[in-house]
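S.K.: Sequence:
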Amino acid sequence: MNYQSLVEASELALLLAQRAQGSDQIVILDCRYDLADTGAGKRAFLDGHIPGARYASLHRDLSAPCARYGGRHPFPTAQQFSEFARGAGISAETQVVVYDDQRFAFAARAWWLLRHFGHESVAILNGGFSGWKTAGFDIETGVAIPTATGSFSATANNDELLHYEDIYTHLENPPWQLVDARDSKRYLGNEEPIDPIAGHIPGAVNKPWQCVTDDNGYVKPLPALKEHWQSIPADDDIVCYCGSGVTACVNLFSLQLIGRKGRLYPGSWSDWCAHILYPRTESSDT
1 MNYQSLVEAS
11 ELALLLAQRA
21 QGSDQIVILD
31 CRYDLADTGA
41 GKRAFLDGHI
51 PGARYASLHR
61 DLSAPCARYG
71 GRHPFPTAQQ
81 FSEFARGAGI
91 SAETQVVVYD
101 DQRFAFAARA
111 WWLLRHFGHE
121 SVAILNGGFS
131 GWKTAGFDIE
141 TGVAIPTATG
151 SFSATANNDE
161 LLHYEDIYTH
171 LENPPWQLVD
181 ARDSKRYLGN
191 EEPIDPIAGH
201 IPGAVNKPWQ
211 CVTDDNGYVK
221 PLPALKEHWQ
231 SIPADDDIVC
241 YCGSGVTACV
251 NLFSLQLIGR
261 KGRLYPGSWS
271 DWCAHILYPR
281 TESSDT
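Using this note's numbering, the letters of the sequence shown map in sequence onto residues 1 to 286.
In case anyone wonders, no lab produced these hints; they're calculated from the structure.
Calculated cross-link-like contacts (lysine to aspartate or glutamate; reagent style DMTMM-like; alpha-carbon spacing at most 25 Å): (1) 185 - 215; (2) 185 - 34; (3) 133 - 8; (4) 42 - 215; (5) 220 - 236; (6) 220 - 11; (7) 220 - 237; (8) 220 - 120; (9) 261 - 8; (10) 42 - 140; (11) 261 - 237; (12) 220 - 183; (13) 226 - 215; (14) 261 - 227; (15) 226 - 8; (16) 133 - 11; (17) 261 - 236; (18) 261 - 166; (19) 226 - 120; (20) 42 - 8; (21) 261 - 214; (22) 185 - 37; (23) 133 - 37; (24) 185 - 227; (25) 220 - 235; (26) 261 - 165; (27) 185 - 195; (28) 226 - 214; (29) 220 - 34; (30) 42 - 83.
I would like the entire structure built from these sequences, with the hints used as guidance.
M.R.: So this is what it looks like as C-alpha coordinates:
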(Lines of atoms letter the chains of each structure in order from A and count residues from 1; the text may use other names and numbers.)
(Lines give C-alpha, C1' and ligand atoms only; values in the text may rest on other atoms or scores of the structure.)
Protein backbone atom coordinates (compact mmCIF):
# COMPACT_ATOMS: atom_id res chain seq x y z
CA MET A 1 0.00 0.00 0.00
CA ASN A 2 1.18 3.48 -0.87
CA TYR A 3 0.98 6.10 1.89
CA GLN A 4 1.05 9.77 0.91
CA SER A 5 -0.16 11.59 4.01
CA LEU A 6 -0.64 9.77 7.31
CA VAL A 7 0.38 6.35 8.58
CA GLU A 8 -0.61 4.73 11.87
CA ALA A 9 1.85 2.91 14.11
CA SER A 10 0.19 -0.43 13.38
CA GLU A 11 0.48 0.18 9.64
CA LEU A 12 4.15 1.09 9.97
CA ALA A 13 4.78 -2.08 11.98
CA LEU A 14 3.27 -4.07 9.11
CA LEU A 15 5.47 -2.25 6.60
CA LEU A 16 8.53 -3.11 8.67
CA ALA A 17 7.50 -6.76 8.76
CA GLN A 18 7.12 -6.75 4.99
CA ARG A 19 10.54 -5.11 4.63
CA ALA A 20 12.06 -7.85 6.77
CA GLN A 21 10.67 -10.36 4.25
CA GLY A 22 12.20 -8.39 1.40
CA SER A 23 8.85 -7.51 -0.19
CA ASP A 24 8.84 -3.73 0.25
CA GLN A 25 11.24 -0.79 0.11
CA ILE A 26 10.78 1.56 3.03
CA VAL A 27 12.92 4.33 4.53
CA ILE A 28 12.07 5.82 7.91
CA LEU A 29 13.37 9.28 8.79
CA ASP A 30 13.63 10.32 12.43
CA CYS A 31 13.21 14.11 12.36
CA ARG A 32 13.34 14.88 16.08
CA TYR A 33 14.94 18.25 16.76
CA ASP A 34 15.12 21.03 19.32
CA LEU A 35 15.58 24.62 18.16
CA ALA A 36 17.15 25.51 21.51
CA ASP A 37 19.53 22.53 21.51
CA THR A 38 20.43 21.49 17.99
CA GLY A 39 22.12 18.28 19.11
CA ALA A 40 19.18 17.02 21.18
CA GLY A 41 17.47 15.25 18.30
CA LYS A 42 20.50 13.17 17.38
CA ARG A 43 21.05 12.25 21.03
CA ALA A 44 17.43 11.17 21.30
CA PHE A 45 17.89 9.08 18.16
CA LEU A 46 20.90 7.30 19.64
CA ASP A 47 18.97 6.65 22.85
CA GLY A 48 16.15 4.99 20.94
CA HIS A 49 14.45 5.05 17.55
CA ILE A 50 12.17 3.02 15.31
CA PRO A 51 14.09 0.03 13.91
CA GLY A 52 15.94 0.88 10.72
CA ALA A 53 15.30 4.63 10.94
CA ARG A 54 17.80 7.17 9.64
CA TYR A 55 18.30 10.49 11.40
CA ALA A 56 17.36 13.65 9.46
CA SER A 57 18.60 16.89 11.02
CA LEU A 58 16.58 20.03 10.37
CA HIS A 59 19.76 22.10 10.34
CA ARG A 60 22.00 19.79 8.32
CA ASP A 61 19.68 17.76 6.08
CA LEU A 62 16.41 19.67 5.69
CA SER A 63 17.85 23.18 5.29
CA ALA A 64 20.54 24.99 3.34
CA PRO A 65 23.27 27.09 4.98
CA CYS A 66 22.07 30.47 6.24
CA ALA A 67 22.67 33.66 4.28
CA ARG A 68 21.45 37.24 4.72
CA TYR A 69 18.13 36.38 3.10
CA GLY A 70 16.17 33.16 3.05
CA GLY A 71 15.32 32.89 6.72
CA ARG A 72 16.76 30.91 9.61
CA HIS A 73 16.24 27.58 7.84
CA PRO A 74 16.75 28.28 4.14
CA PHE A 75 15.18 25.97 1.62
CA PRO A 76 17.67 23.41 0.25
CA THR A 77 18.40 23.28 -3.45
CA ALA A 78 17.36 20.28 -5.51
CA GLN A 79 20.98 19.11 -5.59
CA GLN A 80 21.42 19.47 -1.84
CA PHE A 81 18.25 17.58 -1.07
CA SER A 82 18.96 14.88 -3.64
CA GLU A 83 22.31 14.17 -2.00
CA PHE A 84 20.65 13.80 1.39
CA ALA A 85 17.82 11.62 0.07
CA ARG A 86 20.15 9.31 -1.84
CA GLY A 87 22.35 8.99 1.23
CA ALA A 88 19.27 7.96 3.23
CA GLY A 89 18.58 5.21 0.70
CA ILE A 90 15.61 6.83 -1.02
CA SER A 91 14.77 5.96 -4.62
CA ALA A 92 11.70 6.68 -6.75
CA GLU A 93 9.93 3.50 -5.61
CA THR A 94 10.67 3.94 -1.88
CA GLN A 95 7.92 4.37 0.67
CA VAL A 96 9.15 7.01 3.12
CA VAL A 97 7.77 7.46 6.64
CA VAL A 98 8.80 10.47 8.72
CA TYR A 99 8.29 11.11 12.42
CA ASP A 100 9.25 13.37 15.32
CA ASP A 101 8.11 13.92 18.91
CA GLN A 102 6.73 17.46 18.59
CA ARG A 103 3.35 17.19 16.92
CA PHE A 104 4.74 17.03 13.36
CA ALA A 105 6.77 20.24 13.77
CA PHE A 106 9.82 18.82 11.99
CA ALA A 107 8.43 15.70 10.32
CA ALA A 108 6.08 17.88 8.28
CA ARG A 109 9.07 19.81 6.91
CA ALA A 110 10.58 16.52 5.65
CA TRP A 111 7.19 15.42 4.30
CA TRP A 112 6.72 18.68 2.43
CA LEU A 113 10.27 18.74 1.06
CA LEU A 114 10.00 15.23 -0.34
CA ARG A 115 6.71 16.03 -2.04
CA HIS A 116 8.01 19.37 -3.31
CA PHE A 117 10.96 17.60 -4.90
CA GLY A 118 8.75 15.03 -6.61
CA HIS A 119 8.42 12.13 -4.16
CA GLU A 120 4.78 11.55 -3.25
CA SER A 121 5.15 8.25 -1.39
CA VAL A 122 5.84 9.87 1.97
CA ALA A 123 3.70 9.82 5.10
CA ILE A 124 3.91 11.19 8.64
CA LEU A 125 3.63 8.77 11.55
CA ASN A 126 0.51 9.69 13.51
CA GLY A 127 1.39 10.12 17.18
CA GLY A 128 5.11 10.32 16.44
CA PHE A 129 7.75 8.41 18.36
CA SER A 130 5.81 8.54 21.62
CA GLY A 131 2.81 6.96 19.94
CA TRP A 132 5.02 4.20 18.57
CA LYS A 133 6.38 3.47 22.03
CA THR A 134 2.96 3.65 23.66
CA ALA A 135 1.70 1.06 21.17
CA GLY A 136 4.42 -1.29 22.44
CA PHE A 137 6.38 -1.67 19.22
CA ASP A 138 10.12 -2.35 19.16
CA ILE A 139 12.79 0.32 19.30
CA GLU A 140 16.52 0.10 18.71
CA THR A 141 19.41 2.17 20.00
CA GLY A 142 22.73 3.41 18.68
CA VAL A 143 23.84 4.54 15.25
CA ALA A 144 21.92 3.69 12.11
CA ILE A 145 23.00 0.62 10.18
CA PRO A 146 24.61 1.62 6.85
CA THR A 147 22.22 1.34 3.92
CA ALA A 148 22.57 1.15 0.16
CA THR A 149 22.64 4.51 -1.59
CA GLY A 150 19.36 5.42 -3.27
CA SER A 151 18.83 6.91 -6.71
CA PHE A 152 16.58 9.83 -5.73
CA SER A 153 16.54 12.66 -8.26
CA ALA A 154 14.78 15.85 -7.26
CA THR A 155 12.42 17.70 -9.56
CA ALA A 156 11.24 20.84 -7.81
CA ASN A 157 7.72 22.21 -8.14
CA ASN A 158 8.52 25.89 -7.73
CA ASP A 159 4.89 26.87 -8.24
CA GLU A 160 4.40 25.76 -4.61
CA LEU A 161 6.74 28.49 -3.34
CA LEU A 162 6.39 32.22 -2.88
CA HIS A 163 9.23 34.53 -1.90
CA TYR A 164 9.57 37.97 -0.36
CA GLU A 165 9.40 39.81 -3.68
CA ASP A 166 6.19 38.00 -4.65
CA ILE A 167 4.46 38.91 -1.41
CA TYR A 168 5.81 42.46 -1.04
CA THR A 169 4.75 43.53 -4.52
CA HIS A 170 1.18 42.37 -3.82
CA LEU A 171 0.72 43.77 -0.30
CA GLU A 172 -1.96 46.26 -1.35
CA ASN A 173 -4.12 43.73 -3.19
CA PRO A 174 -2.89 40.19 -2.57
CA PRO A 175 -4.34 37.44 -4.79
CA TRP A 176 -3.86 34.97 -1.93
CA GLN A 177 -4.52 34.61 1.78
CA LEU A 178 -1.40 34.62 3.93
CA VAL A 179 -1.58 32.30 6.95
CA ASP A 180 0.81 32.75 9.88
CA ALA A 181 1.42 29.46 11.71
CA ARG A 182 3.13 30.95 14.78
CA ASP A 183 1.41 31.21 18.15
CA SER A 184 -0.89 34.17 18.72
CA LYS A 185 1.53 36.10 20.96
CA ARG A 186 4.15 36.17 18.22
CA TYR A 187 1.58 36.90 15.53
CA LEU A 188 0.20 39.85 17.51
CA GLY A 189 3.68 41.13 18.28
CA ASN A 190 3.23 40.82 22.03
CA GLU A 191 6.42 38.80 22.27
CA GLU A 192 9.17 37.66 19.92
CA PRO A 193 11.71 35.24 21.42
CA ILE A 194 13.60 34.42 18.21
CA ASP A 195 13.47 37.01 15.46
CA PRO A 196 14.58 40.68 15.66
CA ILE A 197 11.18 42.22 14.88
CA ALA A 198 7.79 41.42 16.41
CA GLY A 199 4.54 41.28 14.47
CA HIS A 200 3.29 39.67 11.27
CA ILE A 201 3.13 40.24 7.54
CA PRO A 202 0.31 42.67 6.68
CA GLY A 203 -2.88 40.89 5.70
CA ALA A 204 -1.98 37.56 7.28
CA VAL A 205 -4.43 35.65 9.44
CA ASN A 206 -3.33 33.48 12.34
CA LYS A 207 -3.72 29.69 12.30
CA PRO A 208 -1.26 28.32 14.90
CA TRP A 209 0.26 25.05 13.75
CA GLN A 210 -0.44 23.26 17.05
CA CYS A 211 -4.19 23.58 16.48
CA VAL A 212 -4.35 20.71 13.96
CA THR A 213 -3.11 18.04 16.39
CA ASP A 214 -4.00 17.03 19.93
CA ASP A 215 -1.71 17.22 22.95
CA ASN A 216 -0.46 13.68 22.31
CA GLY A 217 0.66 14.39 18.76
CA TYR A 218 -2.22 12.80 16.88
CA VAL A 219 -3.87 14.67 14.05
CA LYS A 220 -7.37 15.87 14.82
CA PRO A 221 -10.35 14.24 13.06
CA LEU A 222 -11.10 15.47 9.56
CA PRO A 223 -14.33 17.28 10.58
CA ALA A 224 -12.33 19.28 13.13
CA LEU A 225 -9.70 20.14 10.51
CA LYS A 226 -12.36 21.27 8.06
CA GLU A 227 -13.92 23.46 10.73
CA HIS A 228 -10.48 24.88 11.57
CA TRP A 229 -9.97 26.02 7.98
CA GLN A 230 -13.54 26.96 7.07
CA SER A 231 -12.97 30.67 7.80
CA ILE A 232 -10.87 30.80 4.63
CA PRO A 233 -13.01 30.29 1.50
CA ALA A 234 -12.36 27.01 -0.29
CA ASP A 235 -11.34 28.74 -3.52
CA ASP A 236 -8.80 31.06 -1.87
CA ASP A 237 -5.12 30.58 -2.68
CA ILE A 238 -3.50 29.91 0.72
CA VAL A 239 0.14 30.80 1.38
CA CYS A 240 1.54 29.53 4.66
CA TYR A 241 4.46 30.90 6.65
CA CYS A 242 5.84 30.71 10.18
CA GLY A 243 9.16 31.81 11.63
CA SER A 244 11.44 29.99 9.21
CA GLY A 245 9.39 27.74 6.93
CA VAL A 246 9.27 24.75 9.27
CA THR A 247 6.05 24.59 11.30
CA ALA A 248 4.13 26.19 8.42
CA CYS A 249 4.45 22.76 6.83
CA VAL A 250 2.19 21.35 9.56
CA ASN A 251 -0.56 23.63 8.30
CA LEU A 252 0.16 22.58 4.73
CA PHE A 253 -0.07 18.95 5.80
CA SER A 254 -3.45 19.51 7.46
CA LEU A 255 -4.73 21.23 4.33
CA GLN A 256 -3.69 18.24 2.24
CA LEU A 257 -5.59 15.91 4.57
CA ILE A 258 -8.87 17.72 3.89
CA GLY A 259 -8.29 17.98 0.15
CA ARG A 260 -7.18 21.60 0.05
CA LYS A 261 -3.94 23.03 -1.28
CA GLY A 262 -1.52 25.60 0.01
CA ARG A 263 1.79 27.15 -0.89
CA LEU A 264 4.80 27.98 1.26
CA TYR A 265 6.80 31.14 1.86
CA PRO A 266 9.96 29.24 2.87
CA GLY A 267 11.87 32.19 4.31
CA SER A 268 8.84 33.18 6.38
CA TRP A 269 8.96 35.83 9.11
CA SER A 270 12.73 35.62 9.63
CA ASP A 271 13.30 36.39 5.93
CA TRP A 272 10.73 39.19 6.07
CA CYS A 273 12.62 40.72 9.00
CA ALA A 274 15.91 40.50 7.08
CA HIS A 275 14.44 42.50 4.20
CA ILE A 276 13.20 45.16 6.62
CA LEU A 277 16.55 45.43 8.40
CA TYR A 278 18.71 45.07 5.28
CA PRO A 279 16.82 46.37 2.24
CA ARG A 280 17.99 44.58 -0.85
CA THR A 281 20.11 46.48 -3.36
CA GLU A 282 21.97 45.30 -6.44
CA SER A 283 25.06 44.83 -4.30
CA SER A 284 23.26 43.06 -1.43
CA ASP A 285 24.27 39.59 -0.33
CA THR A 286 21.88 36.87 -1.46
